[in-house]
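Chains as they are written, first to last, in our numbering: chain A, 3 to 283; chain B, 1114 to 1357; chain C, 105 to 383.
Among the hints, erroneous ones may be present.
[Stated by the list, open to error] Result set (DSBU-like, lysine-lysine): computed pairs, CA atoms no more than 35 Å apart in a straight line:
#, chain 1, residue 1, chain 2, residue 2
1, C, 366, B, 1208
2, B, 1208, B, 1285
3, C, 297, A, 102
4, C, 196, C, 297
5, B, 1300, B, 1190
6, B, 1300, B, 1340
7, C, 297, B, 1233
8, C, 145, A, 144
9, B, 1190, C, 196
10, A, 144, A, 70
11, C, 366, A, 102
12, B, 1288, B, 1190
13, A, 234, A, 70
14, C, 145, A, 102
15, C, 366, C, 297
16, C, 297, B, 1225
17, B, 1190, C, 297
[Unchecked claim] Between beta-carbon pairs, the in silico distance windows are:
#, chain 1, residue 1, chain 2, residue 2, range
18, C, 285, B, 1350, 47 to 53 Å
19, A, 174, B, 1222, 48 to 54 Å
20, A, 138, C, 154, 32 to 38 Å
21, A, 195, C, 243, 54 to 60 Å
22, A, 270, C, 179, 28 to 34 Å
23, C, 154, A, 64, 37 to 43 Å
24, A, 64, C, 327, 32 to 38 Å
25, C, 230, A, 64, 28 to 34 Å
26, C, 327, A, 140, 41 to 47 Å
27, B, 1122, C, 196, 21 to 27 Å
Simulated from the structure, these hints should not be mistaken for laboratory data.
Keep in mind it's a predicted model, so treat the numbers as computed, not measured.
Positions of the beta carbon are idealized from the N, C-alpha and C atoms, including for glycine.
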Amino acid sequence: MATLTLSGSWKSRKNALPGFGLSLGFTLFYLSIIVLIPLAALIIRPWELGFDGFVHAVTQPRVLAALKLSFGAAAIAAAVNTIFGLMVAWALTRYRFPAKRLIDALVDLPFALPTSVAGIALCTLYAQNGWIGELLAPLGIKVAYTPLGVVVALIFIGLPFVVRTLQPVLAEFGREPEEAAATLGAGRLQTFRRVVFPSLAPALITGGALAFARAVGEYGSVIFIAGNLPMKSEIAPLLIIIKLEQFDYAGAAAIGVVMLGASFLILLALNALQVWTAGRR
Amino acid sequence: MSLVIDSVTKRFRTGSTPALQGVSLTAPQGAFVALLGPSGSGKTTLLRILGGLDFADTGSVRFADVNWLAVPARERKAGFVFQHYALFRHMTVAKNIAFGLEVRPRSLRPSKADIADRVKELLALVQLEGLGDRYPSQLSGGQRQRVALARALAIEPRMLLLDEPFGALDAKVRKELRGWLRALHDKMGITTVFVTHDQEEAFAVADLVAVMNQGRIEQYGQPETVKRTPNTPFVQDFIGAGAA
Amino acid sequence: MRGATDDHPLARWALTAVTIAFVVLFLLLPLITVFSAALEKGFEVAWDTLGDPDTVSAIELTAITALIAVPMNTVFGVAAAWTVSKYDFRGKSILTSFIDLPFSVSPVISGLIYVLIFGLQGWLGPWLREHDIKIIFALPGIVLATMFVTFPFVARELIPLMNDQGRDEEEAAMSLGASGWQTFFRVTLPSIKWGLLYGVLLCNARAMGEFGAVSVVSGHIRGQTNTMPLHVEVLYNDYQFVAAFAVASVLALLALVTLTLKSFLEWRYADEIAAVHRH
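This is chain A alone, in the form it adopts within the complex (with noise of 0.2 Å):
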């Protein structure tokens, strides 16, 4: 019978399975070349240019009105999206009616399809001669090479992000307190609003949440349909591949630094958010 006595570090080792150190160590070698040291490249890069110099790269005006663009835009894709998103996944969850699977199935498209594809369908189909764009164009409405045009792609990335949140959430939430609030003498409106609504609000914030922060960031379906005219109708990560071309890293830098940071405290506010509405019931 075999027996080995080994060293007393064995004895304080804390797992039992074989293979923690490998296992651990590959996940953090892999991790850190791919993803931390790029991140943290663009974090120090602009830098270089001195504090007053990151500043100044952001603020100046074509920066700024890129950045506000991408972020309104965004901000108001998201709102969009919230509030059909909440119908699209109620109808799926509640009712039947035909096509249904079809309907249901083709919300993940945007997952699923190369932006650049979306990008060269959605241009085509908002363009003065487009299916759409022909049907707008004797009211008076422009969509492609406006900042609609980014509002409009932007609604189509992040539909299924509010949809594929809320539906789980639907499912889940059972009928019995709405049945209460029936037996209670409430009418379906007052029991949306007053029971169904509150607890669906921290599930609508998360998937608004995601719908904003990627569509903040958004790029190939946009670009097309965007027009990217300074100042006008030009989206921040393109701002960042014109200054990388003109060899300004530093200021490509900061821009998506200042991208990044602000998605990420946007998102911290959302989330605080999210969890107040929960912890409320």
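Starting from the structure of chain A, add chains B and C where the hints point.
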């Protein structure tokens, strides 16, 4: 080849109450020992330490003339039967039982034919002949537990460790299985350590019972002795609660 | 008599109509546009454009990139999920947050970070130029950027699944004498195979379809550093609409196949893929 546990302590997080506070006991070779106590008493922790699935902070264990805690789990040949069976869900019953033999290093591995024979033998032993090709999901709880036991026995263990093996089964099946387990133990003579919170069960099957509470052994001895002369108020309470 | 928790028929009708209209308008129409624009001049013409040498190179480059990035991220995903689910250690939630990071980073920034390291004015730029090694504007850069954006897919799929499955079976295997590798291959891998497949499917879809990140590192050199999504942009900007939409159709078909397989796996193997569905 007796089992000697000496002053074993274990703390899960620094600063919190220790799971085990200086636990000691001795049992002769081939004994059937029950670790009895409420949840949180440390009985499962002690069992897992004996099996090599957890580690003691201080203390020692000697078994088979060996510094037991220094032997890695996969070399201890301590058959472990889990509370929720832990059967390999994607393998048939036969493959589950054969597992311990199939993973042996080449030099010690029996031939395919030998493994198949052994599996048949064990299926007969646990009274599950003919069910070798079924999957765990197709078996009842009692049947799964017997497969888990057969699997542990396949490796010819020197020590058998059972963690509330009948906990998830209904009363009638529990009674049947524990009688059957005791008979099996008597036949094979393996040193067995058995964790339970059911004092009726402990007293019915074990040679020696350790009543545990909050990481300490409050009393250790033969079932009759413990029942007749409880040492501490806790033991009295715990036994009394079930005896009525 | 309608049930106490059924909505008013008018509400139901309206919501259903809005749902269908919204989804059709924003999701279905663009999809149809891709195919109809490709087939504007007929199937033959569209098919011929796919034979163009630059297009063929783009297809090849997309395939090679996926063939490198996906397996590597799969190995990582399995290792990370194993580490997080089978061991106890401090900093687990920090680790999983870091693994999730690429999900919250804009695609353009995902490419930017590699330019900052390997680009002409990047940290390693001068050294690379000295040794005539090309990372940016070449395959390695494209692969790296793709690996970054598809980094979390397999791990995110496997971590909740393996956490859910627990350690009992692995501990049982160990008590029966199996080594770490034996335990992994014989016990763990069979239990996670559907979740793994699901994660690989999503990872691959993203790897083949990534545009923004690859756009930054590729240099758009025709016939050399254009993947299919990039080539779509090149053709479109060249006003070669039929060709652009033809390539786009191929990508759209790939997306539809991915969605079909995804739905199938979710329907058939619901228990054996992630306990929590997160995108």
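Structure versus earlier hints - violations, ascending order: none
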